[in-house]
Structures are given as C-alpha cells and as structure tokens.
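Modelling step: build the complete structure from the supplied sequences, incorporating the hints.
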Amino acid sequence: MYTLTNVTKTYRKGRETVMALDGVDAEIGDGEWLAVQGPTGHGKTTLLQILGGLDRPTSGTVELDGSNLGAMPEAELARVRAASIGFVFQTFNLIPTLPAAQNVELALAPLGMDAAARRERVALALEAVGLTNRARHLPSELSGGQQQRTGIARALVKEPTVLLADEPTGNLDEGTRDEILALLEKLWRERGLTLVVVTHDSVVAHRAQRIGQMTDGKLVIGQTT
Amino acid sequence: MSILFTYLRLELRHRMRQAIFIAAGLAVGVGLVITVSAAATGVRNAQAGVLHGLYGIGTDITVTRPYSLGDTDPGKENHQINAGQKGYEYLDDANQGLFSASEAAAIAALPRVRAAADVLALDQTTPGTYSGPPDPSDPGIGLPVSTSVDAVATADQQLGPLSEIRVISGRGLSAADTDADVALVDSGYAAAQHLHVGSMITLAHHDVRVVGIFSAQGEAGQKAGTEYTEPDGAVPDILIPIGAGQALAGLHNDVTTVYVTAASAADVAAVAREISARLPWANVTTSASLASEISGSLGTTAKLATDLGRWLAIAVLAAAFALAALLTVASVSRRVREVGTLKALGWRARRITAQIVAESAVVGLAGALAGTGLGYAAAALLSRLASSLTATVAASPGRTEPHGFVSGTCMNPSRCGSAHFYHQLTDPGTYSSLPVHFAAPVSPGVALLAVTLGLAGALLAGALGGWRAARMRPTAALVRVG
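Protein sequence lines, in the order shown, are assigned to chains A and B. Start counting the first sequence at 385; every next residue gets the next number (this note's numbering). Start counting the second sequence at 2; every next residue gets the next number (this note's numbering).
If you are wondering where the hints come from, they were derived from the structure by calculation, not from laboratory data. All values reported here derive from a predicted model rather than from experimental measurement. Glycine residues also receive a C-beta, built at the ideal position from the N, C-alpha and C atoms. Be aware that one or more of the hints could be misleading.
Computed Cβ-Cβ distance ranges for the label pairs, DEER-style [to be verified]:
#1 ARG385/B x ASN517/A: 55 to 65 angstroms
#2 GLY374/B x THR424/A: 55 to 65 angstroms
#3 SER334/B x ALA507/A: 28 to 38 angstroms
The structure is reproduced here in structure tokens:
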C-alpha cells in the first residue's frame, strides 16, 4: 500500500528551519493496522498529512499503490483523497450547521454520485457506526462519542482503502475511547482497510498490529504485536 | 447537488445575522441608486415641463430686445383714447424692446434656421375701480387693469404661443387671419369676463370677435384632481393675428419676440451665435441656457439629485461592497477548520470557492431585491413629499414682466398725461415663479442596473472569500485545530 523512501519534511519558522520528518523509511502493507506513537511535536501529525496527501515531502517519495503522492498535481491528489483515503480527526471536525447525515454525505459530494445512491450509502455508513437514529441531529446535539462515530462514518462512506486517524480518541473519556477503538477494529477487520492511527495513548497503540515510534522526526517501526 | 443546496441553506441560516447585515448594506446602496436616479429623472422631466411652459414646443431659440426706459412708443400716443377723462385706455407694447420686421426676417433667413415666428407682445390697459383714499390731483382714478395680448404670426402653428395652447372651443387662428379683427381668449380669462365664441371684446377701442377659446397645453397634462395653475406670464390672455395687432397698437412692422427652430439640435448653438453676431443688441436665449437659470426649489432639487445625490449613492454602494467583502473574508477566515476538512475530504478549491460564492450570491440577491423595493418606495415618497416644487426663472422669454400692475411714478413723461399716472414698471430682472408638478419615476432599466450592481458587489465579496479559502493549505487549516 504505502512505501516511504527517505521522506523529509522541513518548515520555515521565522529564521529557523524545523525538520518535522527526518529521512523516514517505511512500508505499510494492505490491510495493515499501524499505530504511530510519540511525544507531541515530534512529527506524528506531519507523517499522517504526508500519507494523506495533505502535504508534500520536502524530499523523498511517498508512494500509494505505486503512485508518487508527492509528485501528483493538486487536482489528482484531491481525487485520490476523495475516493481512496478517509480521515478521522481528534476534534471530529464536523460541520456544525449540518445534521449527522449531511455531514457524512459531504464526503460523497466530490464523487458525482446521484442523490439516491448517496442517501443509501449514508444510511449504511450510519448504520455501521450505530447512529441510524441520530441522522438528523446536529453535532451540538450529539455526545463526543457520537460525534466521533459520525466522523468515522464520514471517513468510511466513500469505501476507501486507507483510513488515517489522528488521535481519534484524544477528546474522549475512557469508556467512549474503548467504544470507538472497538468500532475501528471491527470496521478494519470487516473491510480490510489499511489503518494508520496516530496516538500518544499506549492503550490505543497496542490494539494495532505494529507500533511505530516517532522521535524527533524519525520513525522506528517495531515488530508485529 | 442537493447536499450543496442543503449546505448553503443551513450555513446561511446559521449566519443569519451576518447575512442580514450584509444584505441590508447592499439594500441601502441599491435603493439609493434607484432613488437618486428617479429624482434626477423627475428633475429632468420637471425642467423640461418648465421650459415647455415658457418656451413652447419646438422652440430652440428666443430672440428679444432688452427694454430701455428711454424708448418711445408712438403707438401709445396714437392710442391714448379718452384723454383728459378719468383713466386711460391704451394698447401698447408690454414694455419690451421692439425690433423691426426686417430684422426679424434676417433671422428667419439664416441658413440653419428651419422656422421662425414673430410675436408682438402687447398689454391692454383699462382703468379699474378705485378703492383707495382720494387722490387730490386726480380723484377717482382706480388701479388700472392689464390684459396681456400677444399678436402672433399665424403661418406656423408649431412655434411660439400658438404651440403652447389647445383650442377647446371654436377655432384657432389661420394664415388667412393675418390682418383680421379676430381673437382667441384664454379659458380662465373667458370665464372671468363671461366671454364665449362669438363674443366681442374691445382692444384699443376696436371691436374684435372671439373665434376660439384656448387652454394652455400644460393644463391638459395636469394630474386629475389637482388644480392647474398656469405659469404666470407663460400664455397671454388674448391671442390676435400679428397684422391686426400691429395695426391696433400703431406699431407697424414691429415685433418684440422671434421664436426660432434650428435645422437640427446640433445647430442650435451655432444659430444662436449667428443671431447674436447679426443683432448685437439682441437678447438670445436657448433652452439650454434657460435650463441653467432655473432656480427655486426645483433648482435646489436638481442640484441635490445630480450632485450630492449621485456621489452619495456611489459612496454608499462602494461602502456596501467593501463591507460585504470584509465580512465575507472574515467569515471565511473563521471557517478555517471547515475549509481544511472539506479539502481533506477531497473537495477541490474551486468547489469550495463556488460554495462561498453561492452563499454570497444568495445574500446579494436578497439585498438587491430588498433595495429595489426600498428604492421604489423612496421614489414614491419623494414624489408625494415634493409633488409641488417651484421653478424660478429670469423673465419669461415671451414677456418681460408678469401680469399685474405696480403703482408708482410715471417713468416716461412723454407717455404720461398725469403726474400720478399709473404705469407698469419694467424690471429687466423680474422673475417668474412657476409651480411644477414633480414626480420621481423609476425606470425599469435603472432598477435592473441597480440589482445587477448589488449582485455584482456580493459576488465580488464571495470571490474574495473564495480566493481566501482556496489559498488555505489543508495542513495549515488542520494543524491549528487538530
């Protein structure tokens, strides 16, 4: 699925140059669950953005199924994100003015599907996360766990091959965290997703098949758990 | 597509207060553009009406001679009748300068003159009933009554006083009437004097038959239910053929006014210059020069509409555009997380821009439509509040002074038989004050233009906001809040 070769990402911060990723080499297989752990500010989120095509490496290559994401035009990158990559965010990132169903449906807008097909997909996605009876509720009317379920439904409604989750349980209590983790695991198994979860929580990390440690921009992936 | 409309609808509902604020700003700008345009149109129409009332249809240039108090009036001496008795009755020039028919013919012969009509403006003065304290020197003399009489060329009915009237009873004057003792009388004068078609009136002690009753052209267009006030001095009480008038007043071949129509609108200025060159003493006025002299409340309204009003409308509309743009860009800046999320979901920059532009377009359309209603309402209110303005113009081209008499010492002893002879004072600076019906019509074209401007402003704001959103990097948007 993913092949990262000597990926480096630097940022200019005033007069300083910050090296977020420092020569990252990694391979993530199809259907694999990789957790990336590490302290804040050591490049975990940057790695996720590179994998999701939200940013380009300063040097090195990032290949997704043989295609170099770093060299793709922006329009093509957008198409890849729309069709193949799902994102789950720590703060859920739901549109506050849209009910849960419409938030999920937003992910299908770039795909050019007809309305009936979209509605069917949305219904299935909400059912998969157990929110069928919350479809018309605004995010403000949902609990934290329900909002994250909506976020997961939105990520999966397009039937992607990759799911990238940035601290998906970071804003949830323990009980809800476990619910979400269980849901993610269930969906991962059912759909054969390639799942990359960034987390600082060891409980979350140890649910993955492999754990990578991110330290000062360098990634060291351990053995399969 | 339905998800996009849902997104649009719910987003606007969520930001209703801001949307209303922007729409209201645009509405004020659009409404002001429409109102100012309507006012300017109304002023132009009113000015045209004033000029028509003074000038008549088809007249491009009016030529008169300034009156000098030293001018003699041989006709006066010949027609001072009942001399020595109480009061004087005479028909003379209406205290206007005279020039000869040959001089008038020279004007008509100019190459770019399409038509010219001569007029001899006269006043019939008859003794009135005295109602004041006794006059030791000449007791019993009452305030004289003045009746305006225009002796007009009858060959061209489209020029001069004949173009300003509408015959409502009897017949008009024809070319065959040039020297005939016939007359048309104004309907108001006829009513006051109990005259009808066939009545006999006395001018310079000669009997003249009334062959027709007329009303001024403006009266026909007066709004129903409102009282028509004939502009003072615009149309005389009596119209007689010029040949007959010259004979009765003893002013053979003399005229006081020549009305001129140029070959084309482009020739008016050139013809006016040629007349001035040929007759240096002449007072040559065009409708354009007269328009600039219109003062009074109509003149004030014209200045307000065209100067202050125009710039105010532009300033308000520009401010509304700027406000819409600022608020839209600020709103997009607050939606950083939302924009970043949409990009992460695979939305392209142009789709996001289209969403923001669509939101602005809806707000702009609402503002433009509200502004159109506002403009129509304000124009209607303006028409109601300013329905009767006054236009003050320097002496009517046809007459140098209004009706009526001003008592005073005789200014020209050769014309006076008594030291306390009542005489008309001639004041070259006399002004006529004309009531003008004002209406502020809204042109559909202007309304459409204003709506387009309002929409354009909103779309511009949306484009700026969309540009701001398009430039947001997905990572920058997510990093702030992730």
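Status of the hints after comparison with the structure:
The hint said 55 to 65 angstroms for the Cβ distance between ARG385/B and ASN517/A, and at roughly 60 angstroms that hint holds. The hint said 55 to 65 angstroms for the Cβ distance between GLY374/B and THR424/A, and at roughly 56 angstroms that hint holds. With their beta carbons about 35 angstroms apart, SER334/B and ALA507/A fall inside the hinted range of 28 to 38 angstroms.
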